[in-house]
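**Q** Sequence:
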Amino acid sequence: MMPDDQGMSEEWIVRVHGKEYGPANLDTLREWKAEGRLLPANEARRVNVDLWATAGEIPGLFSVTPSVEAATQQTEPPVQVSRRSFNQILAETFQIYRKGFFQFLGLVLLVLLPSICSQLITAFVQPPQGSNVDVRSVLAAGFAFLTFIVSIVLWPVYIGGIQILTAEIARGERPGLIVVLNRAVRFWPRIAALCIFVYSVFFLLIVFGFVIGAIALAGASALLLIFFALALLILQVWMFGRFFVNVLFWQQFTVLENAGFIDALRDSRNLARSGRDLPWFQRP
14 MMPDDQGMSE EWIVRVHGKE YGPANLDTLR EWKAEGRLLP ANEARRVNVD
64 LWATAGEIPG LFSVTPSVEA ATQQTEPPVQ VSRRSFNQIL AETFQIYRKG
114 FFQFLGLVLL VLLPSICSQL ITAFVQPPQG SNVDVRSVLA AGFAFLTFIV
164 SIVLWPVYIG GIQILTAEIA RGERPGLIVV LNRAVRFWPR IAALCIFVYS
214 VFFLLIVFGF VIGAIALAGA SALLLIFFAL ALLILQVWMF GRFFVNVLFW
264 QQFTVLENAG FIDALRDSRN LARSGRDLPW FQRP
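Once you know that position 263 of the sequence shown is 276 in the working numbering, the rest is easy, because the numbers rise by one and skip nothing.
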């Protein structure tokens, strides 16, 4: 009997997560392999043999055995990550902007157009002299408020669209504006929640700065109070800068990596704090 015929007639038992399957001949094993149900690392043995091996060692089933594959991976040199200089980053940025100028313009108009319409309506609707309440003035004010709400609602779409469009152009693709908007809308709830959190923290830190200024003005004649306000100001600047760095990449992780609320903030912080052993101009 030829060796191939012997391999075809042999039957094997496969064990996956402690559960055994088979007996199965080589043709059946190839079907399982094609379906993705059988991997080289899965345990396998012949029907008449009690010693377990791996499916990658079955003759004629996998072209490369796990041991050979592992040896190949070990001999492969590590991937060298190329670092871009500041000039290269600027050049690539302008190149992306040039290729997607009209798409970027459409995204900007998405949030600016409601405000522009509001300004035009307000300019054309002039209340009559000597009148305190006018229907046209009320309608203009209501329309201005409505356009303001629309701009706020569209802001997360704008953020998601900027990230998607930039990434697609960097990969050499030229997506249309409608395609970008359709993809950006899917991230609206997550981006909106993160916008509320991030912008609220920035707002509170700015309010904290104004409170410090009020304390300094109130205690202009007290030297101790001035030093106390100066210490608070240093703390406020440190908190503002630290939070700014920690949330620097939340938009990219939310859209491009499809990270959740907490994951986007954590990954942004980890990336911002990485590369501390590198010079400042080579850090993320």
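Note that these hints are calculated values from the structure, not bench results.
There could be a bad hint or two in this list.
To be verified - Ranges of calculated distance between the beta carbons of each label pair, as one might list FRET restraints:
1. Gly185 with Ala154: 27 to 35 Å
2. Phe210 with Ser128: 47 to 55 Å
3. Tyr212 with Leu238: 25 to 33 Å
4. Arg279 with Ser128: 14 to 22 Å
5. Gly185 with Leu125: 26 to 34 Å
6. Val166 with Lys112: 56 to 64 Å
7. Ser213 with Arg279: 48 to 56 Å
8. Ile239 with Ser150: 45 to 53 Å
9. Pro72 with Asn100: 54 to 62 Å
10. Ala157 with Leu248: 35 to 43 Å
11. Pro36 with Trp201: 50 to 58 Å
For each residue, glycine too, the CB sits at the ideal point set by N, CA and C.
**Q** For every hint, state whether the structure bears it out.
**A** Against the structure, the hints:
| no. | hint | in the structure |
| --- | --- | --- |
| 1 | Gly185 with Ala154: 27 to 35 Å | 48 Å, violated |
| 2 | Phe210 with Ser128: 47 to 55 Å | 24 Å, violated |
| 3 | Tyr212 with Leu238: 25 to 33 Å | 31 Å, holds |
| 4 | Arg279 with Ser128: 14 to 22 Å | 34 Å, violated |
| 5 | Gly185 with Leu125: 26 to 34 Å | 29 Å, holds |
| 6 | Val166 with Lys112: 56 to 64 Å | 29 Å, violated |
| 7 | Ser213 with Arg279: 48 to 56 Å | 18 Å, violated |
| 8 | Ile239 with Ser150: 45 to 53 Å | 48 Å, holds |
| 9 | Pro72 with Asn100: 54 to 62 Å | 56 Å, holds |
| 10 | Ala157 with Leu248: 35 to 43 Å | 39 Å, holds |
| 11 | Pro36 with Trp201: 50 to 58 Å | 53 Å, holds |
Hint check: violations occur at hints 1, 2, 4, 6, 7; the rest are consistent with the structure.
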